[in-house]
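> Protein chains in written order, with the numbering used here: chain V, 1 to 282; chain X, 1 to 304; chain B, 1 to 226.
One thing to keep in mind: the hints can contain errors.
With a straight-line cut-off of 27 Å between C-alpha atoms, the simulated DSS-like cross-links for lysine-lysine are [as the list claims (entries may be wrong)]:
hint : chain 1 : residue 1 : chain 2 : residue 2
1    : X       : Lys144    : B       : Lys2
2    : X       : Lys101    : X       : Lys261
3    : B       : Lys60     : X       : Lys158
4    : X       : Lys158    : X       : Lys144
5    : X       : Lys158    : B       : Lys123
6    : X       : Lys261    : X       : Lys61
7    : X       : Lys39     : X       : Lys101
8    : X       : Lys144    : B       : Lys123
9    : X       : Lys101    : B       : Lys60
10   : B       : Lys2      : B       : Lys72
11   : B       : Lys123    : X       : Lys101
12   : X       : Lys39     : X       : Lys261
13   : X       : Lys101    : X       : Lys144
14   : X       : Lys101    : X       : Lys158
Derived by calculation from the structure, the hints in this document are not laboratory data.
Now for the letters of each chain:
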Amino acid sequence: MATLGDLDRRWIFLAMGLLVVGMYAAGVKADLPSSPYVDSFYRTVEELPPRSIVLLSADFDPASAAELLPMYTGVIHHLLARKLRIVNTATWPAAPPYIRQEFARIAPLYGAVYGEDWVELGFKPGDDVAMGIIAQSLQNAFPTESRDGRSYADVPLLREVGAGMQGIDLLVTMSAGYPGILEWIAQVGGRYDVPIVCGTTAVQTPDIFAFYPRQVRGFLGAATGATQYLQLVDEVTTDAGVTAIKEENQRRMQVQSWGHVLIIGLIVLGNVIYFRGKRAPR
Amino acid sequence: MSLPPLPGQVAASHAGAAGRVWEWMDGWAGLAAWIDTDKLPTLVAIVVFGALMFVYQRRAKRGQEITIRRIAGLDAMDEAIGRATEMGRPVLYVPGIDEIKEIQTIYSMMILRHVARKTAEYGTDLIVPVRDSIVMTFAEEAVKGGCLDAGRPDAFVKDNIRYLSNEQFAYCAGVAGIMARERPAANIMLGMFFAESLILAETGFLSGAIQVAGTAKQHQLPFFVAACDYTIMGEEYFAVTAYLTREPNLLATIRAGDVIKIAAIVLLVLGIGLATVSAGEPGIQWVDVMRRSLGVSAGGGGDA
Amino acid sequence: MKREIPIALTVLCGLAIVWSFFTPSPYADAVNSELNTWALVFFSVAFLLGIGNLVRISLKQIAAGHADAVFKVVLLVVLFGYLGVGLLEIHQQRLGLFGSSEGRVVGLGGHGERALRDWIYRKSFVPLQATMFSLLAFYIASAAFRAFRARSLESTLLLAAGTIVMLGQVPLGDQLTGGLASRALAFLMVHVNGAGQTAIIIGATLGVLATGLRIVLGIERSYLSD
Chain V
1 MATLGDLDRR
11 WIFLAMGLLV
21 VGMYAAGVKA
31 DLPSSPYVDS
41 FYRTVEELPP
51 RSIVLLSADF
61 DPASAAELLP
71 MYTGVIHHLL
81 ARKLRIVNTA
91 TWPAAPPYIR
101 QEFARIAPLY
111 GAVYGEDWVE
121 LGFKPGDDVA
131 MGIIAQSLQN
141 AFPTESRDGR
151 SYADVPLLRE
161 VGAGMQGIDL
171 LVTMSAGYPG
181 ILEWIAQVGG
191 RYDVPIVCGT
201 TAVQTPDIFA
211 FYPRQVRGFL
221 GAATGATQYL
231 QLVDEVTTDA
241 GVTAIKEENQ
251 RRMQVQSWGH
261 VLIIGLIVLG
271 NVIYFRGKRA
281 PR
Chain X
1 MSLPPLPGQV
11 AASHAGAAGR
21 VWEWMDGWAG
31 LAAWIDTDKL
41 PTLVAIVVFG
51 ALMFVYQRRA
61 KRGQEITIRR
71 IAGLDAMDEA
81 IGRATEMGRP
91 VLYVPGIDEI
101 KEIQTIYSMM
111 ILRHVARKTA
121 EYGTDLIVPV
131 RDSIVMTFAE
141 EAVKGGCLDA
151 GRPDAFVKDN
161 IRYLSNEQFA
171 YCAGVAGIMA
181 RERPAANIML
191 GMFFAESLIL
201 AETGFLSGAI
211 QVAGTAKQHQ
221 LPFFVAACDY
231 TIMGEEYFAV
241 TAYLTREPNL
251 LATIRAGDVI
261 KIAAIVLLVL
271 GIGLATVSAG
281 EPGIQWVDVM
291 RRSLGVSAGG
301 GGDA
Chain B
1 MKREIPIALT
11 VLCGLAIVWS
21 FFTPSPYADA
31 VNSELNTWAL
41 VFFSVAFLLG
51 IGNLVRISLK
61 QIAAGHADAV
71 FKVVLLVVLF
81 GYLGVGLLEI
91 HQQRLGLFGS
101 SEGRVVGLGG
111 HGERALRDWI
121 YRKSFVPLQA
131 TMFSLLAFYI
141 ASAAFRAFRA
151 RSLESTLLLA
161 AGTIVMLGQV
171 PLGDQLTGGL
181 ASRALAFLMV
191 HVNGAGQTAI
201 IIGATLGVLA
211 TGLRIVLGIE
221 RSYLSD
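Please put together the full structure from these sequences, using the hints given.
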């Protein structure tokens with residue numbers, strides 16, 4: 001036991017590594033029961049009338065893409081399947097490649113036309129200052145759209161949105177940290193009457209409970225929320241890609257399950273060592 | 001603008017008086033054109049807070065003592081710097097990863113000056129890796145100021161204030177590299193942190209340093225608690241500069257904040273009581289009376 | 001005047017932003033918008049300051065033959081190389097560097113006007129960032145083994161809460177506990193965590209408000225140099 005107490009950390013790292021690789025290779029997956037917060041998120045989107053305009057903000061980077069990219073992909077599928085229109089933007093500089101990649105793949109599946117059904121505004125530097133500018137006047141924040149460089153007024157979808165937030169029916173943000181959902185709540189939710197839903201990383205999810213359901217109508221918390229949401233979206237879309245992402249996430253949840261079990265086991269072991277050390281005669 | 005009607009028999013007299021006062025004020029000064037009434041409670045709260053700060057500041061300057069309870073992490077900072085001096089190894093100060101516009105970063109600069117004074121007095125190296133170039137200039141000024149305060153301007157080493165990268169994990173890798181190579185004996189991490197907090201804290205632990213960390217970012221606190229020797233949590237972080245310097249301005253701010261918190265607790269308890277009394281009962285919804293008396297609307301609006 | 005002018009600017013800009021929040025006046029929105037735009041300009045210029053400092057220190061260490069000189073060379077090559085790629089791709093049409101395909105400019109990578117930039121991003125930046133973030137999984141395991149000990153009532157509560165959250169978040173937790181884990185998690189998150197988070201947010205916000213007020217009113221000046 002005394003030897004275990006001096007355990008080299010690298011054995012723990014090795015155990016974690018082998019467990020994750022092994023369980024991923026085993027490929028077990030299972031359905032997750034849904035949660036009220038995910039259901040709220042889903043319902044908020046479902047209740048929007050067709051042709052409503054959604055501001056979709058990608059506020060993440062590769063570090064958090066494992067949790068947030070599946071949600072982001074699911075949201076794009078859900079919005080386009082419901083014939084909702086998307087104005088997409090990013091407040092993290094590393095997000096635009098993900099936006100381009102996902103929309104290039106998904107928009108054609110639903111016959112979405114660029115400029116009419118969706119438009120890419122690109123990255124706006126300045127963190128919460130940028131969000132304030134976006135909230136005050138989308139046109140001032142983005143004089144041109146990002147893909148082709150067309151003027152704001154020349155894009156039919158943006159003309160319909162208008163200059164400010166009055167044309168936006170819902171704000172959806174996939175938020176990894178700062179700037180993210182908390183800043184959107186302060187800059188948009190507190191000043192303009194735009195409903196907000198979000199997806200967050202595991203670390204930020206406990207923060208959101210304080211804002212649910214008034215400032216945030218629904219949220220997807222971490223990989224668990226992403227999986228639960230993808231299960232719902234899979235029922236309303238026919239694209240095999242959604243099913244594939246859903247099953248991949250379910251597989252990852254099993255891996256995460258065993259990782260948690262390992263950590264709990266280590267905590268128990270650590271406490272056994274601690275209490276035996278206390279009781280040992282000096 | 002007229003106040004919304006209050007329920008039940010309370011409505012007649014209160015709505016009449018309050019509504020008449022507002023209409024008079026609006027007619028006299030055209031206030032509705034200048035103040036968003038949904039945000040009026042927020043403005044009143046800020047003004048009250050500012051007034052309290054002013055009152056306590058005057059009292060503190062006149063000599064009234066304002067006590068702050070002992071914060072273990074702060075006492076440990078001096079111990080950590082002393083340990084680094086004895087071991088002949090540097091002190092590493094990480095001021096968080098956010099920009100200077102973040103209040104926690106501003107506070108971190110103030111504390112950095114104190115730490116720089118201590119390290120200059122003891123003749124210990126102080127390394128300050130930063131993520132933002134503007135923070136770098138403030139850090140240079142803070143360290144220079146600390147060295148001057150200690151009467152040791154020669155102790156300032158510009159190359160020890162290092163701008164590593166704006167990219168979060170590149171910065172994190174850089175700091176971890178400094179910990180592994182230069183093996184500071186004391187790590188002081190005070191400011192705004194995000195996902196890199198555990199990597200920094202655990203790497204610091206593995207390098208054998210004594211670690212004092214502090215942040216008001218609540219979801220990083222558990223990682224610091226798990227991996228550091230001392231953690232300064234939440235509001236304690238904002239009390240650090242007051243604790244160290246005992247400046248009347250700062251002590252007054254702490255006291256004013258505490259008074260507002262007590263008021264918030266009283267309102268919370270009152271609100272919970274009224275909501276409990278009103279629940280399921282027909283007639284006057286007292287919690288609505290309270291809400292409307294404070295000018296808070298029932299949904300959205302002034303929640304900023 | 002070296003201190004008075006910055007303090008005056010701080011007070012004026014701070015009060016203007018605060019005023020714009022509380023007033024429906026269109027003048028306030030215009031002032032706020034202008035100040036925000038200036039702030040964005042300063043943020044962008046700050047990058048140059050950082051790059052300048054990085055280049056200065058790196059060149060100094062390369063010249064001195066520092067142990068890390070090789071890494072400093074790599075840093076400078078990557079920094080200016082990627083910057084160059086980005087600038088070329090932005091201006092390639094105007095510079096007439098490459099041909100066009102179906103009315104769209106063909107980029108350095110041959111498949112789209114941002115192809116090379118995105119390729120470098122996907123092949124280097126994404127794996128590096130994901131790797132650094134993945135370290136957290138290993139570090140939390142070792143930190144949990146070392147630090148989560150039931151030494152006192154508070155640490156036992158921390159330990160118990162952490163265990164409930166870890167079990168409740170994953171499907172295996174419900175399978176092992178007959179559905180109890182997710183129910184316990186929901187209770188903890190909504191009632192305990194929600195209340196605690198709100199309280200911490202109130203406290204931290206008051207601290208931020210206090211410092212902000214002091215800076216905006218010109219009372220706090222320690223951020224200025226001596």
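> Decide, hint by hint, whether the structure agrees.
A quick look at each hint next to the structure:
1. Proposed proximity of Lys144 of chain X and Lys2 of chain B is supported: the alpha carbons are some 18 Å apart, at most 27 Å.
2. Between Lys101 of chain X and Lys261 of chain X the CA atoms are separated by roughly 25 Å; this keeps the pair inside 27 Å, and the hint holds.
3. Our distance criterion of 27 Å between C-alpha atoms is met by Lys60 of chain B and Lys158 of chain X, whose separation comes to about 13 Å.
4. Restraint check: the Cα-Cα separation between Lys158 of chain X and Lys144 of chain X comes to about 9 Å, which is no more than 27 Å; the hinted pair holds.
5. Using a Cα cut-off of 27 Å, the hinted pair Lys158 of chain X and Lys123 of chain B is violated, with the two alpha carbons roughly 36 Å apart.
6. Restraint check for Lys261 of chain X and Lys61 of chain X: satisfied, since their Cα atoms lie roughly 23 Å apart, inside the 27 Å limit.
7. Our distance criterion of 27 Å between C-alpha atoms is met by Lys39 of chain X and Lys101 of chain X, whose separation comes to about 24 Å.
8. For the given pair, Lys144 of chain X sits about 42 Å from Lys123 of chain B by alpha-carbon distance, which is inconsistent with the 27 Å threshold.
9. Using a Cα cut-off of 27 Å, the hinted pair Lys101 of chain X and Lys60 of chain B is violated, with the two alpha carbons roughly 30 Å apart.
10. Distance hint between Lys2 of chain B and Lys72 of chain B is unfulfilled; the C-alpha atoms sit about 37 Å from each other, more than 27 Å.
11. Our distance criterion of 27 Å between C-alpha atoms is broken by Lys123 of chain B and Lys101 of chain X, whose separation comes to about 33 Å.
12. As the CA atoms of Lys39 of chain X and Lys261 of chain X are separated by approximately 20 Å, the hinted pair is consistent with the 27 Å bound.
13. With a C-alpha separation of about 21 Å, the suggested pair Lys101 of chain X and Lys144 of chain X falls inside the 27 Å cut-off, and the hint holds.
14. With a C-alpha separation of about 23 Å, the suggested pairing of Lys101 of chain X with Lys158 of chain X holds against the 27 Å cut-off.
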